[in-house]
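Trainee: What follows is each chain in one-letter form.
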Amino acid sequence: MVHLAVPMAETLTFPSLQYRAMAPILIVLGAAVLGVVVEALVPQAARRAVQLAVTLGGLATALVFVVATPGSELGVVAGGTLAIDGPGLFLQMTILVVAIAAMLVVAERRVDPAGDAFAPRASSLVGSGEEQEQTRRGWSQTEVWPLSLFAVGGMLLFVTANDLLILFLALEVMSLPLYLLAGMARRRRLLSQEAAMKYFLLGSFASAFLLYGSAMLFGYAGSLDFAAIADAFRDKPGQLGLQVIGLTLLGAGLLFKAAAVPFHMWAPDVYQGAPTPITGFMAGAVKVAAFGALLRVMYVALGGAAWEWQPAFWVIASVTMLVGVVLAVTSSDIKRMLAYSSVAHAGFLLLGVVAFSTAGLSATMFYLLAYGLTTVGAFAVVMLVRGPSGEAGHLSSWAGLGRTSPVLAGVFALFLLALAGIPLTSGFTAKFGVFAAAIEAGGVWPVIAAVVASAISAFFYLKVIVLMFFARPGPDAPAVVVPSLLTTTAIGVAVVATLLLGVFPQAFLDLASGSTPFLR
Amino acid sequence: MNVYTPILVLGILAFGFALFSVVVAGITGPKRYNRARLDAYECGIQPTPQPMGGGRFPVKYYLVAMSFIIFDIELVFLYPWAVMVDDLGLFGLVAMLVFLTNLIVVYAYEWARGGLEWD
Amino acid sequence: MNALANLGSVVAAGPIGVEPDTGETVTFWVCATLAVLGGLGMVLSRKAVHSALFIALTMINLAVLYIAQDALFLGMVQIIVYTGAVMMLFVFVLMVVGVDASDSLVETLKGQRLLAGIAFVGFLGLLLAGVVEAFDGVPFVGLEAANTAQGTNVEGIGALIFTRYLLAFEVTAALLITAAVGAMVLTHRERVEPRKSQPELSTERFAPGRHPVNKPSPGVYARNNAVSMPALLPDGSTAEDSVPGPLRVRGDAREADLLALAEAEHLSAHEAVTVDDPYGPGPGQTDRQASGEESRP
Amino acid sequence: MNPTNYLVLSAILFSIGAAGVLVRRNAIVVFMCIELMLNASNLAFVTFARMNGTLDGQVVAFFVMVVAAAEVVVGLAIIVTIFRTRNSASVDEPNLLRL
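Residue numbers (this note's numbering), protein chains in the order written: chain A, 13 to 532; chain B, 3 to 121; chain C, 770 to 1066; chain D, 223 to 321.
Accuracy of the hints is not assured; some may be wrong.
Unchecked claim - Listed below are the simulated EDC-like cross-link pairs for lysine to aspartate or glutamate, each with C-alpha atoms no more than 16 Å apart in a straight line:
1. K248(A) with E902(C)
2. K248(A) with E320(A)
3. K984(C) with E1009(C)
4. K984(C) with D1010(C)
5. K62(B) with E959(C)
6. K62(B) with E119(B)
7. K965(C) with E119(B)
8. K475(A) with D345(A)
None of these hints come from the bench; they were simulated from the model.
Work out the full structure: start from the sequences and follow the hints.
Mentor: In structure tokens form, the structure reads like this:
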């Protein structure tokens, strides 16, 4: 045998797996696998209830484990591929809270007379007799739950990835279920499927760039580990071209998920086409995950090259904000408007990232918490305003909503004010934090651009509010549906968070700043 | 000569054989044409260009193709594990069992939901 | 396995921390040329099937280059997973979608191709500048030591997967489950009604208006041997259901040809067949006549 | 031969793939172009592995192949589904998502 000819094999050292530190990730992924088992074993009628219990139970347990992680468990775990540290835990907590709220909205089935927001079977042809029969029998595509759990598991990995390979894998674990979920809407299925295809093609295009960037950084540093890459940037001058290519392509891949200009073109189409609960989930949780990963990559791995990426990021941040708000002003569909608003918020968030300081890190994390919850709430409200053939997307049908259903319009107005960054809402505190961090880092001009963008954004948010409260309802005024307890809870959580983070933000600001900095 | 020569020779042989077969068949085979010869045989279908909507695979076989890929990947993971099984010991066995459990879950799901039924 | 391992060690014995030798140089230039041609062919060919074949060419050549670079296991996986499974799925989907589906190469956005070309050249230039600047003249450390640390290349990779990259390995399982569930959700049409049992099927078969026995077989005459030709009933009319359903649906069924009808009439009148043959010689005797060979019994 | 040639080849293939994504309109061909980009990345990883004398790069390339396979299953399922709904697989065709 060949073995005789070669030297004795080196003995292997197995990684010590710190299960406690990885518990939230393992719980969520385990719950997802359990969800697939449920799909296999539980009969159709009972599936939804069981899946709901597994999903919410899994997410809540993971949240408890995240919050209760003892400080002694913090560290770089799983053979150095995962960093469970303060920012990582804060971001994981944010993702889980946003995901729980989003899952409550996903579970809603009182709003649409036919059932939940998803096709009874995504494989049936639209409008076929088969589909009508499935709708009549009240079937629902319960695979939505395990798929969402896989996406959440990917997000939890994404924000703690400390290694280029795990970063890439986590990106895919997060994205693949979302591509699928985007194409499963009950109403306007073709639009939904086109959104899924667009999201998929552009998303894999972006992850190919991320991968090539990783390859270049691997070639430069000789290691996949973030800490080793940071050391290389510190100790190994030269090969500048390789550094720049690597961080540009890696940054492009991450900025795509964050929906920053010029990688934003998927956002409006996908947000509009996807089932609205999933849109809320994507807009809230994916944004948190993408920025979490971006923060870690930029601060830990590429921190030594900050002088290389900071100028470009100042520009990207400014352009993203301005392009986002200008496009939002011109859109007449409520979901597209919120999508462009999410692009603009990516720009504001980038201000915190590019500040490259502890203040910037904690401000960005606080912003993500505030923005994530507000967005989930806003999309939940969008789901409730319905015309005869589904959601009333066009802005004109929102006219006079303040008169017919003042509570709902008031809640939506609160969310819009928070997104605009009006004082006493979470949006104000969040924006104030990133602006301060950016000015501290010398980005005066980008902050001026941000103030201008905020002013423009206030214009279109207020336009919607004025439309709701001061315009007369049109002849085809949509009906506002009273949701079940699930969605009500989600909206309630979002309202409380929006007010709490706006009026008494200090505890959360302390939590965010107390969790910095990144371990490496 | 070096180590690449056998590979190169093998490649040339394979290519040459394919070329030889095609060319020789064309040269030595008898050529007798008539209309009936172009017809499909008794059980065959008329050799006309397929109209749109025909000549496609049914989509249900996608699941078969998908299962092939999933278990193909299982195979390429099993191979390095099998080669290293003595060194990896219990640790590797448990790691592999966790992985396999996941794939068994996939299999159970497909089976229970009728994804493996042939008709 | 033994042969593979031997090949691995032989290949590994080639370039060790030095310039690649002549054999590798030749391999590189042959395979690199083919790989680039495959890539260009994929982008430029009009039909999706041709694109698929071109990219398969690229992938196989990349597999050879992996093996040439001491990545024996990876070369094999490239062939098994990429060329064997992934491209198979691509071609399969092309068969589902219809092989004929070709791409109109007409630009939908004006000047888009020009812009893409410029972007291509610029991007390539940047990549090349960066890579060449960084590594020009840097020698390879080589994988001799790494490949033999655990015995062979496969064992070295196995050792890494199950130690440092264990988490990545387990996370891959999540990806595979997602893929399988996704494929099921999107393409598996679940039965609304339970499957019919044998007794139910046979009751149905004997219901009024159904065919309890075989349908008439198609008109396979001496002059025409394809199933798309309907059979003739004794009264000279055609039996429509003698042609298989799918052919009828697709419009592939042919008219019973007039020659055959005339023939049938003559036969029924016990006359010799003297109709002019509008199609040329039929099967059977015609082979020999057409080729001018000697006729032999 | 200069070992950098492998990296040059990888850059060329990656650029061809990226250009193909921008030029082609058929969703399946666009997806093939993305696969070419992943392959080019793998070649870079394998070359760097040899340059650095560690197997890490090969392991990454191995995982990328596995990820690509999962991605293909999901992506082609989406494309097949949309095709069944619309009997066409062109990215631009009756595009409801345009403003």
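Trainee: Indicate, hint by hint, whether the structure satisfies it.
Mentor: Against the structure, the hints come out as follows:
Under the criterion of a C-alpha separation no larger than 16 Å, the hint pairing K248(A) with E902(C) is consistent with the structure, at around 15 Å. For the given pair, K248(A) sits about 15 Å from E320(A) by alpha-carbon distance, which is consistent with the 16 Å threshold. Of the supplied pair hints, the one linking K984(C) and E1009(C) holds, its CA atoms being roughly 10 Å apart against a limit of 16 Å. Distance hint between K984(C) and D1010(C) is fulfilled; the C-alpha atoms sit about 7 Å from each other, no more than 16 Å.
At roughly 11 Å between alpha-carbon atoms, K62(B) and E959(C) fall within 16 Å of each other, so this suggested pair holds. At roughly 10 Å between alpha-carbon atoms, K62(B) and E119(B) fall within 16 Å of each other, so this suggested pair holds. A hinted pair counts as satisfied when its Cα atoms are at most 16 Å apart, and K965(C) with E119(B) qualifies at roughly 13 Å. Annotation: proposed proximity of K475(A) to D345(A) holds, straight-line Cα distance about 13 Å (limit 16 Å).
Going through the hint list in order, the structure satisfies each hint without exception.
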